[in-house]
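For this one, chain Y is given, so just place chains D and L on it according to the hints.
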Amino acid sequence: MERPRHQGMAKNTYMRWRLPLVCLLWEVAMIVLFGVFVRFGPEADAHWEEEKREMNLTSDIENDFYFRYPSFQDVHVMIFVGFGFLMMFLKRYGFGAVGFNFLLAAFGIQWALLMQGWFHSFKSGKILIGVENLINADFCVGSVCIAFGAILGKTSPIQLLVMTLFQVTLFAVNEYILLNLLHVRDAGGSMTIHTFGAYFGLTVTRILYRPNLEQSKDKQGSVYHSDLFAMIGTLYLWMYWPSFNSAISEHGDAQHRAAINTYCSLAACVLTTMAFSSMLQKKGKLDMVHIQNATLAGGVAVGTSAEMMLTPYGSLIVGFICGIVSTVGYVYLTPFLESRLHIQDTCGIHNLHAMPGLIGGIVGAITAAAATEDIYGKEGFIKAFDFTGSYRMRTASVQGGFQAAGIVVSLLMAFAGGALVGAILKLPVWGDPAAENCFEDDIYWEVPEDEESDVYHMHNPNKPASP
Amino acid sequence: MERPRHQGMAKNTYMRWRLPLVCLLWEVAMIVLFGVFVRFGPEADAHWEEEKREMNLTSDIENDFYFRYPSFQDVHVMIFVGFGFLMMFLKRYGFGAVGFNFLLAAFGIQWALLMQGWFHSFKSGKILIGVENLINADFCVGSVCIAFGAILGKTSPIQLLVMTLFQVTLFAVNEYILLNLLHVRDAGGSMTIHTFGAYFGLTVTRILYRPNLEQSKDKQGSVYHSDLFAMIGTLYLWMYWPSFNSAISEHGDAQHRAAINTYCSLAACVLTTMAFSSMLQKKGKLDMVHIQNATLAGGVAVGTSAEMMLTPYGSLIVGFICGIVSTVGYVYLTPFLESRLHIQDTCGIHNLHAMPGLIGGIVGAITAAAATEDIYGKEGFIKAFDFTGSYRMRTASVQGGFQAAGIVVSLLMAFAGGALVGAILKLPVWGDPAAENCFEDDIYWEVPEDEESDVYHMHNPNKPASP
Amino acid sequence: MERPRHQGMAKNTYMRWRLPLVCLLWEVAMIVLFGVFVRFGPEADAHWEEEKREMNLTSDIENDFYFRYPSFQDVHVMIFVGFGFLMMFLKRYGFGAVGFNFLLAAFGIQWALLMQGWFHSFKSGKILIGVENLINADFCVGSVCIAFGAILGKTSPIQLLVMTLFQVTLFAVNEYILLNLLHVRDAGGSMTIHTFGAYFGLTVTRILYRPNLEQSKDKQGSVYHSDLFAMIGTLYLWMYWPSFNSAISEHGDAQHRAAINTYCSLAACVLTTMAFSSMLQKKGKLDMVHIQNATLAGGVAVGTSAEMMLTPYGSLIVGFICGIVSTVGYVYLTPFLESRLHIQDTCGIHNLHAMPGLIGGIVGAITAAAATEDIYGKEGFIKAFDFTGSYRMRTASVQGGFQAAGIVVSLLMAFAGGALVGAILKLPVWGDPAAENCFEDDIYWEVPEDEESDVYHMHNPNKPASP
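Chains as they are written, first to last, in the UniProt record's numbering: chain Y, 1 to 467; chain D, 1 to 467; chain L, 1 to 467.
These are calculated hints, taken from the structure and not from any lab test.
Relax, there's no trap hidden among the hints.
Because identical chains cannot be distinguished in the list, a pair is counted as satisfied if it fits within a single copy or across any two copies.
Computed cross-link-like contacts, SDA-like style, restricted to lysine to any residue with a CA-CA straight-line distance of at most 20 Å: (1) K282 / P448; (2) K426 / I158; (3) K219 / V447; (4) K283 / N12; (5) K217 / A435; (6) K383 / I366.
Small disclaimer: the values here were computed from a predicted structure and weren't measured.
Only chain Y is shown next, with the shape it has when bound in the complex (with noise of 0.2 Å):
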C-alpha cells in the first residue's frame, strides 16, 4: 500500500538521531540557562504578602494576574491552535502543520523567556518572570509562526528549529531596539512581530528557492476538509485578535481600546475582502484562501495604533483597505513573486503579515504624530506614549518619526537576519525534502493507511485493493 515515489532524487530526511539530539541538547540548555537565571517575578512569588504591603495594595485582584491572564490564554490559543490549524489547508500536510508549529513554539517560548528576560525583565542577576512575560514570550513565537508560513511543506524540523533559535534572538534585539532605544509604541506587534517576521520569513524562503517545485504541486492545493480544519485557525485568529492587540497595553482605558479598535477593524476587513474574492474572481465566485487570510489582516493592520485614539471609523478605514489590499496580493502579487522574484511563500505571508504589518507600523506611525493633548487629556497623553523620565519632552510629532524609523529597522533586521538564517539552512545537513517530496507528510510522519482505501474495500468487497 506505500505510495509510489521518485526514489532516485530523494534526499536523506532521516531524522532518527538528527533531530532528538537537537532536541534534548537544546532543553537540557534550557533548563541550565533556567536554572541558572530564571525566578518568579513578585507578583508570582510566595513572598507575595509582603510585596502586597510595599506596594499598598489591599487586594489580591490588583496582582497583573487577573489583568492579563485571560488575554493570554487567548493569545496562547492563537499561537497554537490558530497558526497550527491556519496551516492544515495542504491536502497532505495537516501532521507537519500543526505538528511543527508546536514543535518550534514550545521551544521558541523557552528561548524567548530567556532572550526577552535578559533585555526587559533582568534584574541584579535574575530573570524575574510573571504572566506579561508569557504573553511576550507567545508574541515572539508568533513571528516565527509568521515565517514559518513562507516556508511550509518545504523544510526539516531541525531546520525549524534552527531558524526558530535564531529569529528569537533576532527579534528580541530588534524588539529592545525599538521599545527601549527608539521608544515606540507597538503593542499589537505590526512591526516587531508582523513586519519583522513576514520579511525574515520571506528572505528565507528566498534563499532557499526550490527551482523544481512545481513537482509536487499536486500536493500544493487544498482539499475540502482541509479548508474546513484552516477555518478553524482562521476563526481564532480573527476572534481573539482583539486580545492580541491589547494584551500587554497599559491597565485600563488602553486595554479597553485596543480591544474595540481591533474589533472594528476585523469587522470591516471581512467585507472588502469577501468583496474582491468576488470580483478577482471570472465567475464571481468566493475563494477559500482569501477568506482564510485576507479577513485577518484588519488586524495586523491597527497592531501598532490599536492602543491609541485610532477610533472606532479609523480602525475601519485600516480594515477596509487591508482586506482590499490582502486579496488583491494573493491574486496577483504571490504569483508575481514567485515567477519573478522566486519567492515561494506557501501560506501567501507577505498579503497576511507583511503589506498589513507595514500599513500597521505607518498607521502607527501617522496616529501617533497627530496625538494632542486635547485627544488625549493631558494624563492621557503622557500615559499614552510614556512621555516620562528621559522622553518628558518628546512631542507626538516626533514620536511619529520615531515610529517611522521603527518601520525601517524592523525591515533592515528582517532582510539581513533573513540572509544569514537562510544561508545557514541552506547547508545539506539538515535533512530537509527533494522538491517533489515537498508538503508530504510521510517524510516525517508515521501516517496512517487512508480511511479512503478502507471505505473502499468495504463498499466494494470484491475487488482488490490495488489491481
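Quick look at chains D and L alone, frame taken from chain Y:
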C-alpha cells in the same frame, strides 16, 4: 472533473458584481456613520484617568473591561465558531455555513453597534461604546445567525446581507420596546434573541418556500466528518453558554448566579436529550442531529431567568423539560412543519430556539412574578429588577405581567418583520440558487477538487478517473 | 448499503429502553437532591449586597467570580472539547468519543456538585455553591474522562453512566481523605484526579478484559482526519492546562505561580516527546499517538507542585522527564501491559495519566518537604500549605510525608474502587458490544452513509455502488 448539473433550470447565481457592490457600499456607509456617530465610551477613552478621579475609583481593575471582557470573548466564539460550525453538518455546505455566517456576522456587528447605540448609548450626539456594546452587538447578530439556520443552503450571500440589515434593525427596535418601554429583564435573550430570531427566520423561510426542494435532497444530509465538525460548534455553544447568559448581567452576584443556573440547566438537558433520542428511534440508537442541537435547548430556556433566583434545581427542571421538548420537536414537529405548513427549516431552529425561547420567556415571567424581598433581600430585590426611578413602585407580579407582554411583542415583531423581509428576499434579483442546487457550495465558492478522487487515483493508478 | 457484520456472536446492544430509563431516572434523582440540598453560595445569592457590607468589601470585583471564572471556562473546554476530541483518534468511533464523553460528563458534574458539596460546602443542611464548586465538579469529572480513555470503544453508554456514578462517589471520598484528613495540597490533582482516575480506569479495563479483541483490530487505528480531530483535543488540553492547575489555588501569587510552572513544564515536555518519538522508531519518523498524548504529561506531573515554589527550571526538569517516560511507555509498556497483564488500555492512559500522575505526587511531596520560610517568606509559607488551626505546628518535612501518604491512599482507592466497579460492569445486563463490534459507532449511533461512497458515485456515475 466538473460535476454534471441540470443547467436548464439554473438561476443566475453570478455574484461577481452584485456581491462586491453590496459589500463595498455598505461598508463605506458604516465608515461614514461611525465617523459621524461612534466614539469611545469613558472607560475606553484616553481621558479615563480623569474619569476615574471623578467616579472615585481607586484602581484600573474597576474598569468594566475586567468585569466583562472574558465573557465577551466567549460570546464572540459562540457567534463565529459556535454557530458557524454547528451549521457545518451538511455534507457539501461547509464553506457556506462557516463563510456566510462569518460574512453576515461581521457586517451585522457593525450595524448593531449603530442601531443599539442610537437606542441605548446615545449621549450629546454621539454613540459612546465600550465592551458591553461589543457584547450586545454580538447578541444581536446571534439572532441573525439563528434565522440563518432556517434558510441555510437556500439563499445567496446577498440575501443574507439584506436579511441582516433588516433583522438587526428590527431587533434593536424590539429590544428597545422590551428593555426600555416594558422594563423587562432579558439578560440572556430568551425573548429578544431566541424567540424573535427564530420566529423571524421561520417566517422568512415560509415565505421563501421551495416546492421542489426534494431535488437537492441527497445533499441535505450529513456525512461522518461533517457531523464531527458540527460537534465543535455544539460544544463551544454548550460550554460558553454560561458566559452568554451572564455577560451583561449586573456586576457581582447576578453574573455569578446566571453562570451557575445556565451550567445546571445545560447539564440536565444533555441527559434528557440522550434519553429521548434513543427512545424515539426504533433501533434505539442515538441520533447526532439531536445531540448537536437539543442539548443546547437548556441554555436558551434560562436566557431570561438565569440572572434571577431560579435556583440550581429550578434550572435542572427547565433543562430537563427542554431536552425533551426539543428532541421530540426534531422527530415529529419538523417533518410536520415542512409537509403541512410548508416551513422548510434546515437546521431545525424551531426545536432549538423557537420553542425553548418561548419556554424561556415564560419561565422568566414566572420567576419574576414569584420574586419576593425575602428571597432576594431588600436591596437585592430592587437591584435584580432595577425597580428604581419611575419603576420604584412596580411589584413582582406586575413585572411578571410585563415579562409575558415581552414575549407577545417579540412574537409579533418576528412575524411582521419576517413577512416583510421574506417578501423582499423573494424578489428575483438576489441571485439565490435553483432548487436542485441548494445545499451545495459549488454555486458560490471555488471548491477544491475532492481528496477522495485523488486518493482513489493514487491507490488505483491503472484505472482512469472517469470511465 | 448496510455493512456486513458477524451477527452470530452479536450481543444485545439494544439501548431503546435501558438508556432512556437510566438517564431519566437519574436526572429526576438529581432534581430531587438538588431541590433538597443545593442553594446559591453567598457570592452568587441575591443577598450579596448585605454580604459585601459584612465582609467589608468595597467592590463587586472582589466576588470570587472574577478571580476564577476565566479559569473555569478553560477547564470546561478541557473536559468537553479536550477529552472529547483527544479520544476521537479512532477511525470509526468519533461519535462515541465525543458523544459519550459529553453524556458522562454532563451527568458527572451534577453528581459531583452533590458529593463534593456534602463533603466541602455543607452548611446548616444546605450545599452552598459558587464558581469554585463548578470547577471542582469539572475536575472530578476529569478523572472519569481519564478512566473512560482506558475502556474507550468497548463499553455501552449505560456502563459509562454506572461507572461515572461510582467513580465520582469514590473520587469525593478519596479527595476528602486527602484534602481534609491528611491536609494534603493537590491543586491540579496529580493524585486526586490523575493517579486515582488512571489506576481506577486501568483496573476496570483489566477486569473487563476481552480475549478476542483482535477481532476488531482493523478499527482500532486512526485515519488521517481522525488524527487531525484528535489534535484539537490535544492542543486545547495543552494550552489550557495552566488554567487547570491554577484554577482553585489561592488568590494572588499562588494562581499566578501555578500558571507559570505549568506553562514551563508543558513546553519542555513537547521537545522530549518529539525527540523520543523519532528516536524509538526505526525510520525515525514522528508518531502522532505520542504527539497527541505524551506532550501533555508535563501538565499532569506538576499538578500537585505547580502552586508551590517549584520554580520555572524545576518545572522544565519535570516536563523533560515526563515527555520521555510517557513516550517510552507508549512504545514499550502499553504492548507489555496488554499481552502480559491483560490490560487493554485504548488511549494509553497509563502513559499519559498514571505514570505522570505518580511522578506528580512524588514531585509534590519533595517540593513540599523542601519548603522553607526563607523560600516562601514567613507569611507565604503558612499560606502556601495552610498551616493554620490544628495544622499550625506541622513542618515541611512532615507535610512531605503526608503528601506521600496521599499517593498511597489514592492508589489503594483506585484499585479497590476499580475492582468493585469492574465487577459491576461485567454483569451481562448493560448492553456492551461484542468483541468484533468494538470501536464502531454503528452499534449505538445512527451513522450517516459515507461521503466517500457518494463522491465515488458522482465521479463514476456509470459504475454501480456495490457490485
